[in-house]
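The lines below spell out each chain.
Protein chains: 2
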Amino acid sequence: MKKLINNPELVVEEMLEGIVKAHPNYVRQVSGFNVLVRANSPVKGKVALISGGGSGHEPSHGGFVGKGMLDGAIAGAVFTSPTPDQIFEALKAVNGGAGVLMVVKNYTGDVMNFEMAAEMAAMEGLDIEVESVVVNDDVAVENSTWTTGRRGIAGTVFVHKLAGAAAEKGMDLSEVKRVAEKTIANVRSMGMSLTPCTVPAAGKPSFTLEENEMEVGLGIHGEPGTHKDSIKTADEITTHLLDKILADLDYSDSEVAVLVNGLGGTPSMELYIINKKVNEILSQRGIKIYKTLVGNYMTSLEMAGASITLLKLDDELKDLLDAEADTPAFTQV
Amino acid sequence: MKKLINNPELVVEEMLEGIVKAHPNYVRQVSGFNVLVRANSPVKGKVALISGGGSGHEPSHGGFVGKGMLDGAIAGAVFTSPTPDQIFEALKAVNGGAGVLMVVKNYTGDVMNFEMAAEMAAMEGLDIEVESVVVNDDVAVENSTWTTGRRGIAGTVFVHKLAGAAAEKGMDLSEVKRVAEKTIANVRSMGMSLTPCTVPAAGKPSFTLEENEMEVGLGIHGEPGTHKDSIKTADEITTHLLDKILADLDYSDSEVAVLVNGLGGTPSMELYIINKKVNEILSQRGIKIYKTLVGNYMTSLEMAGASITLLKLDDELKDLLDAEADTPAFTQV
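Protein chains in written order, with UniProt numbering: chain P, 1 to 333; chain G, 1 to 333.
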């Protein structure tokens with residue numbers, strides 16, 4: 001296992017300390033818990049957003065804690081849902097009196113543990129209004145190793161951005177939730193991988209690929225996708241992923257935001273080569289690109305691969321997409 | 001070779017097209033040349049900054065074209081210096097009448113070709129005042145495969161940021177050059193790698209490492225470093241790199257900017273684990289960290305590894321470091 005780590009059992013704790021040391025103006029850690037919140041949390045009177053899940057997807061989610069996106073992020077063990085008590089601490093730390101929206105990726109453990117945390121808050125008589133949304137943007141497979149229904153992958157970042165902007169504008173909890181659900185309804189993704197990745201505590205890859213083989217439609221924890229195939233060109237792969245996405249939602253005559261997301265081990269060069277083809281295909285289909293993001297937003301440790309996300313926009317979503325954001329991993333003026 | 005590409009001979013051209021399609025508000029391509037300039041180039045009356053070198057180091061340098069950093073970036077073939085005629089086109093495209101500073105990493109081919117481009121501009125009688133600086137921040141080795149003297153690596157990003165801020169503030173060419181040289185005098189870096197990388201046109205790694213082996217002090221093209229060694233912990237590696245850096249320049253009682261740079265295939269998690277140790281060591285030495293950057297700034301395709309950069313600051317450099325920047329790969333408010 002070739003990793004720049006110390007103790008495989010402490011990678012999350014050491015990473016969080018490194019994040020806080022790097023970005024003290026943005027985030028602080030809730031003492032004793034693997035939870036990052038804004039340095040100035042709670043923000044009084046603002047709806048707070050929290051998200052989280054297993055670690056290994058950085059910069060998701062801690063890198064998006066800051067103005068215009070999240071208020072808090074809970075970091076589970078690598079590829080493992082955070083525990084309810086950690087999420088409960090996040091709820092308490094970010095609550096500014098206007099309620100908390102939990103943005104949950106659709107994995108069975110995450111959905112269960114976030115709900116349990118909300119129940120803990122209610123049972124303890126804390127006066128925190130809690131709502132949640134579940135992101136399920138991955139069009140590849142209906143059910144998967146850890147999922148009933150579709151998985152939540154890189155499209156989640158658009159939910160953070162748009163619902164975060166809604167909260168920053170002063171919308172109330174029901175409105176922020178409406179924006180999150182509208183974003184979820186309009187976002188679709190699909191990914192592929194050239195290599196597996198290794199969870200530090202496991203010490204070996206969770207699956208294998210031959211030298212000329214790729215996995216299409218896999219999940220961000222290396223869950224099986226639709227099929228293995230011999231490696232195709234970037235253009236062929238992009239065409240396949242976009243075909244699946246475009247078949248799932250009617251994007252005709254619409255404007256979209258594009259996210260070409262790297263899974264952690266993919267050079268920026270390759271992501272931009274994919275983006276070139278995304279542009280060609282969408283142009284041919286009469287779909288107008290309003291904004292494009294290219295980079296590592298929702299990763300799977302050192303996995304080499306990429307996902308493509310399309311978000312169908314209307315005027316409200318465009319406005320929220322364009323709003324300022326300032327976080328460790330995403331700043332927009 | 002596991003890469004998301006189409007034609008190995010066209011990766012740079014296709015990448016540049018993908019960058020322009022993603023970021024049309026930031027950059028445009030100089031027609032017929034592998035040169036990206038600001039969308040609004042030339043900026044009248046402002047000193048312009050250009051940089052460049054071989055491709056494969058993205059987001060360096062095209063990702064840093066924008067307000068507060070570069071005006072133009074020239075993309076050579078992968079790990080190959082751009083040709084003088086490409087650089088010449090960049091000079092013409094960015095010149096706003098106040099002169100151009102060329103920020104060159106210290107590789108023999110780069111230094112020669114940038115100088116030839118400046119001579120071409122003079123010979124053609126173009127009224128462009130051109131100055132250049134050469135970045136040589138890598139403390140690992142004195143000479144290397146493609147270098148006389150020290151190599152320029154990730155510290156170059158600080159030169160882009162600080163000299164770019166100086167130009168944006170309206171300083172004249174001699175002052176912007178002074179800031180760049182001051183930054184170079186105060187910046188030191190060193191890197192290491194767990195894996196090699198593969199130049200697309202070559203199709204195989206340029207060197208090999210055993211399963212438990214790392215290369216210490218290597219260059220960003222995989223040039224040999226100081227030695228191969230068995231893989232150590234992140235703490236031990238960080239300590240070694242910082243020892244070399246701190247032995248090279250007196251940082252005592254000073255404030256520094258830190259860059260923990262990923263080489264392309266390294267998860268964010270590992271970079272932050274390194275940053276934790278950087279903080280511990282600098283704190284023990286009484287060196288105060290003013291600002292920290294963590295991420296992929298100067299990469300070597302998909303290489304797994306990292307470099308550490310320290311920039312010694314004074315009030316002027318702090319002010320320039322804090323100035324706003326807005327580019328595809330680095331935005332700061």
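Calculated from the structure, these hints are not laboratory results.
One or more hints might be untrue.
Remember, identical chains collapse to one label, so a pair may be satisfied in a single copy or spanning two.
No farther apart than 25 angstroms at their CA atoms in a straight line, the calculated lysine-lysine pairs in the DSS-like style are these [said to hold, decoys possible]:
| hint | residue 1 | residue 2 |
| --- | --- | --- |
| 1 | Lys169 | Lys232 |
| 2 | Lys318 | Lys67 |
| 3 | Lys204 | Lys228 |
| 4 | Lys318 | Lys288 |
| 5 | Lys291 | Lys67 |
| 6 | Lys204 | Lys44 |
On a predicted model such as this, the values are computed, not experimentally measured, just so you know.
Quick rundown of the hints versus the structure:
1. In this assembly of identical chains, the alpha carbons of Lys169 and Lys232 never lie at most 25 angstroms apart, being 44 angstroms within a copy and 48 angstroms across copies at closest.
2. Within a single copy, Lys318 and Lys67 get their C-alpha atoms as close as 18 angstroms, and across copies as close as 23 angstroms, so both meet the 25 angstroms cut-off.
3. Taking CA atoms no more than 25 angstroms apart as the test, Lys204 paired with Lys228 passes in both settings, with 20 angstroms inside one copy and 23 angstroms between copies.
4. Taking the shortest Cα distances, Lys318 and Lys288 sit within 25 angstroms of each other inside one copy (13 angstroms), while across copies they are farther apart (42 angstroms).
5. When the C-alpha separation of Lys291 and Lys67 is checked against a cutoff of 25 angstroms, the pair qualifies both within a copy, at 20 angstroms, and between copies, at 19 angstroms.
6. Proximity of Lys204 to Lys44 under the C-alpha cut-off of 25 angstroms is found in neither arrangement, the shortest distances being 45 angstroms within a copy and 56 angstroms between copies.
Going down the numbered hints, you'll see the structure goes against 1 and 6, while the others check out.
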